[in-house]
Amino acid sequence: MQQWCRRKIAEAMVDEGDGGGSGRKGRRWWKKKIMMEKVRLVSTVGRSKYVTENQGDFAKLISIHRNGDERTPPIMKGEAAVLNPPSLMAFEHKRDAYGFAVRPQHVQRYREYANIYKEEEEERSDRWKDFLERQAESAQLPLNGLSAEENLAGLHAEATEREADASSEKGVGEDDLSVKNCGSDDSTKDALEKEAVPLVLETKIHRAQIWTHIRPSLSAIEAMMSARVKKKMTIAKIEQDAGKGRPLPSFEDARPAKGGSEEDSEEEFYDVERSDLNQDVLSGESMNAPATAAASDVAPPETSFPWKEELECLVQGGVPMALRGELWQAFVGVRARRVDKYYQHLLAQNANTGDTAEDQSSVSDNKSKGSTTESISLPEKWKGQIEKDLPRTFPGHPALDENGRNALRRLLTAYARHNPSVGYCQAMNFFAGLLLLLMPEENAFWALMGILDDYFEGYYSEEMTESQLRVGPALVTTKDAGDAVTLLQALAGSTFDSSQLVLTACMGYQNVNEARLQELRNKHRPTVKAAVEERLKGLRVLRDSHGLASKLYGFKQESGSLMSGTNKTDQMPEKQTIGDMAPADDFCMGLSGDVEIDSVPDLQEQVVWLKVELCKLLEEKRSAVLRAEELETALMEMVKQDNRRQLSAKVEQLERDVAELRQALADKQEQENAMLQVLMRVEQEQRVTEDARRFAEQDAAAQRYAAQVLQEKYEAAAASIAEMEKRVVMAESMLEATLQYQSGQTKAQPSPRYINTPRFVTSKEQSRVLARATDKKD
Amino acid sequence: MATSGNKSINAKLVLLGDVGAGKSSLVLRFVKGQFVEFQESTIGAAFFSQTLAVNDINVKFEIWDTAGQERYHSLAPMYYRGAAAAVIVYDITNQVSFDRAKKWVQELQAQGNSNMVMALAGNKADLVDARKVAAEASDAQTYAQENGLFFAETSAKTATNVNDIFFEIAKRLPRVQPAPSPSGMVLMDRPPDRVASASCCS
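If you read the protein sequences in the order shown, they are chains A and B.
So in full-length UniProt numbering, the last spot in the first sequence is 778, and the numbers never skip.
So in full-length UniProt numbering, the last spot in the second sequence is 202, and the numbers never skip.
No lab work stands behind these hints: they were computed from the structure.
Careful: at least some of the hints might be erroneous.
Said to hold, decoys possible - Each pair of labels, with its calculated beta carbon distance range:
1) B:Lys32 / A:Lys94: 15 to 25 Å
2) A:Lys640 / B:Val96: 46 to 56 Å
3) A:Ala674 / B:Asp56: 25 to 35 Å
4) A:Ala628 / B:Ile57: 51 to 61 Å
5) B:Ser49 / A:Thr633: 45 to 55 Å
6) A:Ala530 / B:Leu75: 48 to 58 Å
7) A:Leu631 / B:Asp56: 27 to 37 Å
Beta carbons are placed, not taken as given, at the ideal position from N, Cα and C, and that holds for glycine.
Between the sequences and the hints, there should be enough to build the whole structure, so can you do that?
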């Protein structure tokens, strides 16, 4: 049980595989066993999932299992460094088939589509199986050709033969599995296998861990692809020859392990029956595959692949998961690129600096050879960056645990050393991580190297000039799914979403292959040509003196038809060059490539001329743009002027209005003035009347005073009158009394004189009384 | 460039800083309120947007989160060109990242928008024990003052000061509206008599 929990790691598979192989109970037994274990695994995982809350914990759990593995003896460890897709059932809907976390917002959709994906994947697998089957049938060598090849291998030192040899060896390796599966193979192979295994156990442990060959059924494809690589690498080829004998012993160990792990993952995700069949087919055809490979190397490669178109269709439809890693390798031409021990050598430099304890085995292995050549003391500035990015590459991915990160570190360091001008660039970590998920370490290194050096040359240079230039178009120029995925990873930067990426890669971007590309080219060529034509026409009108233009124009049409006329196999090799160019240049390059068939230099000259012409056109365009800008500014000015006029009209009207208003205002003011005058007059009058009134009042007061005085006087007079009257009364009475007295006296003294005299006296007396009265009164 | 519409401003904001300084984490915290221990390294640049309301005005940040690796430096001008604000992030546990932050400031002062609002964020403030760049008078604060930057020590992990720094930037953004684009110009046709009357003097 515990053992089977670690099934993700191929080592478990090796153990069990051997058991199954030696038991030789045949395929039925094998199948049953797998089914049983599958059920068990699911239950285990289910439980652990139940216990642990989230993915992080689950990843941790798995890494604990891994660490457990690490404690097992080194030989048992076997394939620990190979990061094959882990047991994928385990992650169901939280992670996709590749172990990438599905974003929460996509979980629902992923769950909905999971079955569809599965069906499609099955369909794909069937188609590929069918294809590989037929390919195997079409190979003409009889089954026993295998042994003949093997014998040949010992004699010939040629690289081509060596390759055939290698695949035949792989065929043997594959047979380990086929033995288990079908049990129909005879004992000679078992003998071979038994020889191979102990050999490995004794010696090449480390190398076996990190390098495997792809399954032989794909070797034909690989041969086709690596033919291109070889064209470039004639020098490397010699090196390969030198290191010829070395990889052989490692095949036997690596091969079954690899095959086992694949089968493993396949089965866990799909039904046992089918994958068994698949495996059968693969093992069956593995005998024929070397023949194909050999034939392809002998014959000119372009013509020897009649199935190329079908392959294109297949790639368009998508690559089944189990084959993906190997197909990528095949397409990149990993085996042709591989220089034996180069990777170890690069890592040995690492060991000299003594910073990773991880590679101790390889250190001891390679120290003697590696240390003498280059003891690097140069500061590796990328080291810190790599360290920083290690935990930031697909964080939480179950395969990228301690071992996975160490592998990733080694891989990135090795590439940085391999190509110091590029060193390490962020985004490579995703490349490398993805490759590591699908293939063993050294395979991943060569694949990475192939992708970066060939397809992305200059892309990650210090200045990143290329990446600035060819971001968009590059995608169209990719040749296969691997490129598209990796390229997408590089480009998608901002919206990078690993789960989405792989889903997309699975579903859509495998469509970008050569056939599709061709189709697109054919589709767009007329418009492009028309555009160029138009340009050229304009140019001719402009510069009639330029006689060459018309000539080239004619040439262009001709070459266009020529291009469409050439068959696809012819275009195959040149596509490599095209692949690096942006579509703008694409046409030109396509021309040069096609034209190589006949007179190269002349046409190339023309191409150069064409480019110059293009530059001129660009120049012209730029000037036209400038002119347009100028015109625009002029227009704007005019528009502004227009506005000004309108404004002035408005201002005038307003002025008129203002004048009117002013007039009215003046009138009003006049009126107001008049009113004011009137008002003033009224006021004055009022003041006058007021004055008059005041005077009158004063007069009145004076009169009143006078009247009062008069009254007083009158009263005084009245009082004095009354007094006088009283006095008069008194005087009268006194006079009366006197008269009476006198009358009395006269009777006594009858002289009138006398009478007069007293009378006189009495008047005197009377005046005295009167004065006394007035005195009294005063 | 900050452009304001009906009480809302769009502001392009760019994050710059050394590799692993925590730019993406800072943005993730600000935009989604999340934090992950191991943020995937940014390739090229990432884009986010977030809206803040400051004094009745909605400030919509268009955030460009750039890749920190030196290699990607040549792509940076694409992102800070025309930016209304920049957040320069360094890691307080890493002196090198602070030096690099200074370089970014220099570059922005030389190349960038002259009235760009710049903020200096000393990230990973939760890792006090591993501190290498002093926050106070000695280093960062002084530098920020000298260069007219708004300075804060942030932590994407604990969310300290993360929203504050963006809020502060939003407040400092110039409210002035740049001239409307010439595409909005309207050509009106008027009756000719008006034109005639306009040309003659009144």
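- 46 to 56 Å as the expected CB spacing between B:Val96 and A:Lys640, which holds or is violated: With Cβ atoms ~54 Å apart, the hint holds.
- Query: CB of B:Lys32 to CB of A:Lys94, is that within 15 to 25 Å?
  - Reply: For B:Lys32 and A:Lys94 the Cβ distance comes to about 19 Å; the hint holds.
- Message: For the hint 27 to 37 Å, verify it against the beta carbon of A:Leu631 and that of B:Asp56.
- Response: 42 Å, violated
- Item | Cβ distance range 48 to 58 Å for A:Ala530 and B:Leu75, holds or violated | The hinted range 48 to 58 Å is violated for A:Ala530 and B:Leu75, with Cβ atoms some 35 Å apart.
- Item | Supplied distance hint 51 to 61 Å, evaluated on CB atoms of A:Ala628 and B:Ile57 | About 37 Å separates the Cβ atoms of A:Ala628 and B:Ile57, which means 51 to 61 Å is violated.
- Task: Hint says 45 to 55 Å; check whether the CB-CB distance for B:Ser49 and A:Thr633 agrees.
- Result: 34 Å, violated
- Query: Would you say the C-beta atoms of A:Ala674 and B:Asp56 sit inside 25 to 35 Å of each other?
  - Reply: With a Cβ separation near 56 Å, A:Ala674 and B:Asp56 fall outside 25 to 35 Å, so the hint is violated.
Hint check: violations occur at hints 3, 4, 5, 6 and 7; the rest are consistent with the structure.
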